[in-house]
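**Q** Single-letter residue listing:
Number of protein chains: 2
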Amino acid sequence: MPGRNGRGRIGGRKWQGMVRGCGYRLTIPRRAVMEVLSSTDEHLSAEEVYHRVHDQYPAVGLTTIYRTLELLFGLGLVSRLDFGDGRARYELSAGSPKGHHHHLICTKCRKVIDYTEFIKDELEFLERAEKGLAEKYDFEIRDHVIQFRGLCKDCKDRNNK
Amino acid sequence: MPGRNGRGRIGGRKWQGMVRGCGYRLTIPRRAVMEVLSSTDEHLSAEEVYHRVHDQYPAVGLTTIYRTLELLFGLGLVSRLDFGDGRARYELSAGSPKGHHHHLICTKCRKVIDYTEFIKDELEFLERAEKGLAEKYDFEIRDHVIQFRGLCKDCKDRNNK
DNA sequence: CTTGATAATGGAAATCATTTTCAATAAGAA
DNA sequence: TTCTTATTGAAAATGATTTCCATTATCAAG
Ligand SMILES: [Mn+2]
Ligand SMILES: [Mn+2]
Ligand SMILES: [Zn+2]
Ligand SMILES: [Zn+2]
Chain C
1 MPGRNGRGRI GGRKWQGMVR GCGYRLTIPR RAVMEVLSST DEHLSAEEVY HRVHDQYPAV
61 GLTTIYRTLE LLFGLGLVSR LDFGDGRARY ELSAGSPKGH HHHLICTKCR KVIDYTEFIK
121 DELEFLERAE KGLAEKYDFE IRDHVIQFRG LCKDCKDRNN K
Chain R
1001 MPGRNGRGRI GGRKWQGMVR GCGYRLTIPR RAVMEVLSST DEHLSAEEVY HRVHDQYPAV
1061 GLTTIYRTLE LLFGLGLVSR LDFGDGRARY ELSAGSPKGH HHHLICTKCR KVIDYTEFIK
1121 DELEFLERAE KGLAEKYDFE IRDHVIQFRG LCKDCKDRNN K
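So the protein sequences, as listed, match chains C and R.
Counting from 1, position 139 in the first sequence corresponds to residue 139 in this note's numbering; the numbering is continuous, with no gaps.
In short: position in the second sequence from 1, add 1000, done, that's this note's numbering.
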């Protein structure tokens, strides 16, 4: 099956319009970072993105990866995640590959599980909460973070073995 | 009104039992850090805690503040928070002063608002979600993070002025 | 297809929160 | 009071991210 990459079309080329439209240039590093993020369902750190980009374009530097991720984050194309391991991690923003989802984080081995269950219940809860909070505190809510932390199957077992 | 400090009894001395009970010694720095956290409703960074402890006990070093916060966090007496400003922040764990609450974070000026509204709705949602997720992913959920990010009143106004 | 203005880049050095090291100190059981 | 050893403070190390700045590449204009 040539022309596929497992995670859907190799580039909802939509993002290019967003970048150009905001007056930014379309460069190799920017394409490469988007390509890397589009091709995985992992949550990569800047350095991990750097290594993968480096395989294809050895000339691209780590500094540029940081700058690019920041830019894409600013444009809303990429989400910056914090799983408490001391480095930022990134994934394509909700909408692109997996859609809206949240994370289960193992505090022992740092494994991260994406989940999309209960998004309906969540939506119901969030709708009410966001509306109420926005009103009460005169706050413009733009985003939310929901994480569950605990022990994954393996770590739980290994624990009381 | 002598003997009060605005935020309730100056030390639900309960924590001391927890510390001693786990085989840790009761030291000046540990008392001082608990005192500082008990006396505020702010979300202090390690360095901010250090400054406040320093006023009272100039001999206590920053390293010890880090160590102490880590210890208290490990014991569950203190919560470690991440508001995305590059440093960990701490508050007394839910239960002590304000009880279970979550945060509204202004991404512009970094103001943080504690809120306790919708905890009932939240509980309902969480109960179902946690149960379902724990079962489906064989995951032992121990904690959750819920944050709303956006613009506070002032930043919102200042924005489209 | 050039050209030119300037946005973008890469490497080295700087930052800055947090951790590690290690000799000196103090908590608390006996 | 004594003794064992957990705890501490200062200095150095670490590690992710940022800043600097001279060089390069994008792309609008001709
Ligand atoms: Mn994810
Ligand atoms: Mn709080
Ligand atoms: Zn695990
Ligand atoms: Zn604000």
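Bear in mind the hints are in silico, worked out from the structure with no lab data behind them.
It is possible that part of the hints are untrue.
Stated by the list, open to error - The calculated SDA-like cross-link candidates involving lysine to any residue, where the alpha carbons are at most 25 Å apart (straight line), are:
hint, chain 1, residue 1, chain 2, residue 2
1, R, K1098, C, K156
2, C, K131, R, T1064
3, R, K1111, C, H144
4, R, K1014, R, F1083
5, R, K1108, C, K156
6, C, K156, R, L1126
7, R, K1131, C, A46
Claimed, not checked - Label pairs and their calculated CB-CB ranges:
hint, chain 1, residue 1, chain 2, residue 2, range
8, C, R87, R, R1142, 20 to 26 Å
9, C, R158, R, E1042, 34 to 40 Å
10, R, K1120, C, R13, 33 to 39 Å
11, C, G17, R, D1154, 40 to 46 Å
12, R, A1059, C, K131, 48 to 54 Å
13, C, D114, R, D1055, 26 to 32 Å
14, R, D1121, C, R142, 19 to 25 Å
15, R, D1055, C, K120, 46 to 52 Å
16, R, F1073, C, R158, 32 to 38 Å
17, C, E117, R, A1094, 36 to 42 Å
18, R, G1132, C, D55, 38 to 44 Å
Every residue gets a Cβ at the ideal spot worked out from N, C-alpha and C, and that includes glycine.
**Q** A separate judgement is required for each hint: does it hold in the structure or not?
**A** How the hints compare with the structure:
no., hint, result
1, R/K1098 to C/K156, "violated (31 Å)"
2, C/K131 to R/T1064, "violated (43 Å)"
3, R/K1111 to C/H144, "holds (16 Å)"
4, R/K1014 to R/F1083, "violated (28 Å)"
5, R/K1108 to C/K156, "violated (39 Å)"
6, C/K156 to R/L1126, "holds (21 Å)"
7, R/K1131 to C/A46, "violated (34 Å)"
8, C/R87 to R/R1142: 20 to 26 Å, "holds (22 Å)"
9, C/R158 to R/E1042: 34 to 40 Å, "holds (38 Å)"
10, R/K1120 to C/R13: 33 to 39 Å, "violated (45 Å)"
11, C/G17 to R/D1154: 40 to 46 Å, "violated (34 Å)"
12, R/A1059 to C/K131: 48 to 54 Å, "holds (51 Å)"
13, C/D114 to R/D1055: 26 to 32 Å, "violated (46 Å)"
14, R/D1121 to C/R142: 19 to 25 Å, "holds (21 Å)"
15, R/D1055 to C/K120: 46 to 52 Å, "holds (51 Å)"
16, R/F1073 to C/R158: 32 to 38 Å, "violated (23 Å)"
17, C/E117 to R/A1094: 36 to 42 Å, "violated (25 Å)"
18, R/G1132 to C/D55: 38 to 44 Å, "holds (39 Å)"
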